[in-house]
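Asks: Residue numbers (this note's numbering), protein chains in the order written: chain A, 1 to 326; chain B, 1 to 326.
None of these hints come from the bench; they were simulated from the model. Treat the hints with care, since some could be wrong.
[What the hints assert, rightly or not] With a cut-off of at most 30 Å between alpha-carbon atoms, the simulated DSSO-like pairs for lysine-lysine come out as follows:
#1 B:LYS31 to A:LYS44
#2 A:LYS268 to B:LYS237
#3 B:LYS237 to A:LYS109
#4 B:LYS267 to A:LYS107
#5 B:LYS109 to A:LYS260
#6 A:LYS136 to B:LYS158
#7 B:LYS109 to A:LYS136
#8 B:LYS31 to A:LYS158
#9 B:LYS248 to A:LYS31
#10 A:LYS238 to B:LYS109
#11 A:LYS107 to B:LYS107
#12 A:LYS272 to B:LYS107
#13 A:LYS31 to A:LYS158
#14 B:LYS31 to A:LYS136
#15 B:LYS107 to A:LYS158
#16 A:LYS272 to B:LYS109
#17 B:LYS107 to A:LYS260
[Unchecked claim] Taking beta-carbon pairs under 10 Å as the criterion, some of the chain A residues facing chain B (in silico):
#18 VAL32
#19 VAL105
#20 ASN108
#21 LYS109
#22 LEU119
#23 MET124
#24 LEU125
#25 PHE132
#26 ARG144
Predicted, not measured: the structure shown is a model, and the values here were computed from it. Idealized CB from N, CA, C, for every residue including glycine.
Protein chains: 2
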Amino acid sequence: MKINSLSEITHLIQNELDQFNVFFKQSLKSKVGLLDLVTRYILKQKGKKVRPVLVLLSSKLAGEVNERSYRGAILVELLHTATLVHDDVVDNAETRRSFPSINAVWKNKVAVLMGDYLLARGLMLAVEGNDFDFLKVITNTVKRMSEGELLQISKTRKLDNDEETYFRIISDKTASLLTTCCEIGARASTTDEQKILALKNYGENLGIAFQIRDDILDYIGTTKLFGKPLGGDIREKKLTLPLIYTLKNSSSDDSKHIIKLIKNGGKKLDVKDVIEYVKKSGGIDYAEKVSREYAQKAIDSLAIFDKSEIRVALESLVQFVVDRNT
Amino acid sequence: MKINSLSEITHLIQNELDQFNVFFKQSLKSKVGLLDLVTRYILKQKGKKVRPVLVLLSSKLAGEVNERSYRGAILVELLHTATLVHDDVVDNAETRRSFPSINAVWKNKVAVLMGDYLLARGLMLAVEGNDFDFLKVITNTVKRMSEGELLQISKTRKLDNDEETYFRIISDKTASLLTTCCEIGARASTTDEQKILALKNYGENLGIAFQIRDDILDYIGTTKLFGKPLGGDIREKKLTLPLIYTLKNSSSDDSKHIIKLIKNGGKKLDVKDVIEYVKKSGGIDYAEKVSREYAQKAIDSLAIFDKSEIRVALESLVQFVVDRNT
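Just chain A, with the same shape it has in the complex (with noise of 0.2 Å):
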């Protein structure tokens, strides 16, 4: 069993996925002329829909795939999209996924109304549907959410960022969605709380991984086309894994310099010193390393399930994670 890409691991649970996305559909309409349209303009981006993905698998690892597991899955995607909808708002963001963000269409009042509404609409069909366990699991999701990023804020602000408050953050604004959905999956499928817990395990690790993963692809590769061009979290202030470790194994001269210029900003700072800098310090190698060790402690995590199609599929999720370069 070889899995070499991210649409094979879709194709494994392709009629569940479709039957997703009717049910998607059916819960994002409304009588509300705006809000139909505008929901009708974010079914139109197809995104890769990784959290329904990780919601479906869970579930079909874990026992099979059921009416709860639907429910999770519009659940986690529905709060997946409020989130982004209102990082548009806050990051004024001009597109999302090559067309131009609700904001952009709708101004900001359209946008942070939407994102409201799609968080209410996902937490009443839980309500509806009476999962309180799921209710339970995303509540606290939503809180945990907006803590890492909110804690993240702070400490951009202060230049102060430390190994141990960076994975907390990481582990409350990313990975946090992440075990959500596998635990949902999981809970939909199956009562037996050693399998629930080891893909809540395999869940956060992922999204560890995952989220280095996209701090050191801030640091390497080319300018993407669409994307956000290289050295942006040195440019907002954000210090990441590579450089967190520079910073700690540099001179205490360099870093002050260092934080120095990344602190003034402006024109003065060129970020390809600074990646530079970082790469020869051997931050990337150092980031990498961790990510895979993540990776690792996420494949490990499924020890205790039989060897299966699905099994390998979640585990080959993990290597494209860290191994993306885009």
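Chain A is already provided as a structure; the job is to place chain B on it using the hints.
Replies: Chain B alone, transformed into the frame defined by chain A:
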């Protein structure tokens, strides 16, 4: 029994309100420094706490104030605060209750995240307390509030509001949360569905009367020192009850002329002219009449309860709402 002011009402449940304030403060404690800073800032701006007061009074009228009443009161206050924080972002408001707004002090990013955090925190409390009935009510309310606001925005853009849609908008965006306060308060202390329904009806009618009064105040009275200037709704192209009535009862030529004036906006639009025309056409009188009808319905809803200090307090609250000049 006669109650002459809002403070006499709150005085009736002063002990419970003090207890509420202690619990509310506790619910906002966070390990994230920035979060703690922002929430302490919010706590300094003591609002009128109308929504917790409604929860506590409803609980007391239907039975006894208990742990669940407090959780309900915190839940609605957190949700209301989240809404205000988001509102200030979407309106680019610089101040709130004479304090600089959160977006003005900490930027939009923090304000949007803070709103999400407060909402999640409230829902978590309900989850932790196993208040599944509260969750059912509150998630539907969040959905209705955003739907109402979005419907208002689309009507504002098209300038084609009618009375039916107006009532749908104010029921969703304003009355729904007040209804929820009364319902949650009642559910906390009784399982008697007749009492719960009576208090829900009270809240809904109170909410409608409140919003109509709010919309009237945009036309009458003097420019407030710290408040919105007169005619703000007209400038924002919001058609509310006084104007909707006026347009419907004017000659087709007059209506078209006013709509054109409002549509073009800018310096040419003298809101005083529009206000005068609405007054002369009886738009204010009509809106006041309707507002008082809803107020009476709210009072009548309480008829099933024995006459008591608390019932009188709730009845008086309705009077204050429709009589207020600010």
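Asks: Verify the interface restraint on LEU125 (chain A): the C-beta must sit less than 10 Å from at least one C-beta of chain B.
Replies: holds, 9 Å
Asks: Could you grab the alpha-carbon distance between LYS31 (chain B) and LYS136 (chain A) and see if it respects the 30 Å cut-off?
Replies: holds, 20 Å
Asks: Hey, LYS238 (chain A) versus LYS109 (chain B), does the alpha-carbon distance stay inside 30 Å?
Replies: holds, 15 Å
Asks: Hey, LYS268 (chain A) versus LYS237 (chain B), does the alpha-carbon distance stay inside 30 Å?
Replies: violated, 46 Å
Asks: Please verify that hint: LEU119 (chain A), Cβ, nearest Cβ of chain B, below 10 Å or not.
Replies: holds, 7 Å
Asks: Are the Cα positions of LYS31 (chain B) and LYS44 (chain A) separated by 30 Å at most?
Replies: With Cα atoms ~40 Å apart, LYS31 (chain B) and LYS44 (chain A) exceed 30 Å; violated.
Asks: Quick check on the hint: VAL105 (chain A) CB to chain B CB, less than 10 Å?
Replies: violated, 13 Å
Asks: If you draw a straight line from the CA of LYS107 (chain B) to the CA of LYS260 (chain A), is it 30 Å or shorter?
Replies: holds, 24 Å
Asks: Compare the distance between the alpha carbons of LYS109 (chain B) and LYS260 (chain A) with 30 Å, and conclude whether the hinted pair is satisfied.
Replies: holds, 25 Å
Asks: Quick check on ARG144 (chain A) please, does its C-beta sit within 10 Å of some C-beta on chain B?
Replies: Holds, about 9 Å.
Asks: Is the interface hint for ASN108 (chain A) satisfied, with its Cβ closer than 10 Å to some Cβ of chain B?
Replies: holds, 6 Å
Asks: Within 30 Å, alpha carbon to alpha carbon, are LYS248 (chain B) and LYS31 (chain A)?
Replies: Between LYS248 (chain B) and LYS31 (chain A) the Cα gap is close to 25 Å, so the pair holds against 30 Å.
Violated hints for the displayed structure, listed by number in ascending order: 1, 2, 6, 13 and 19.
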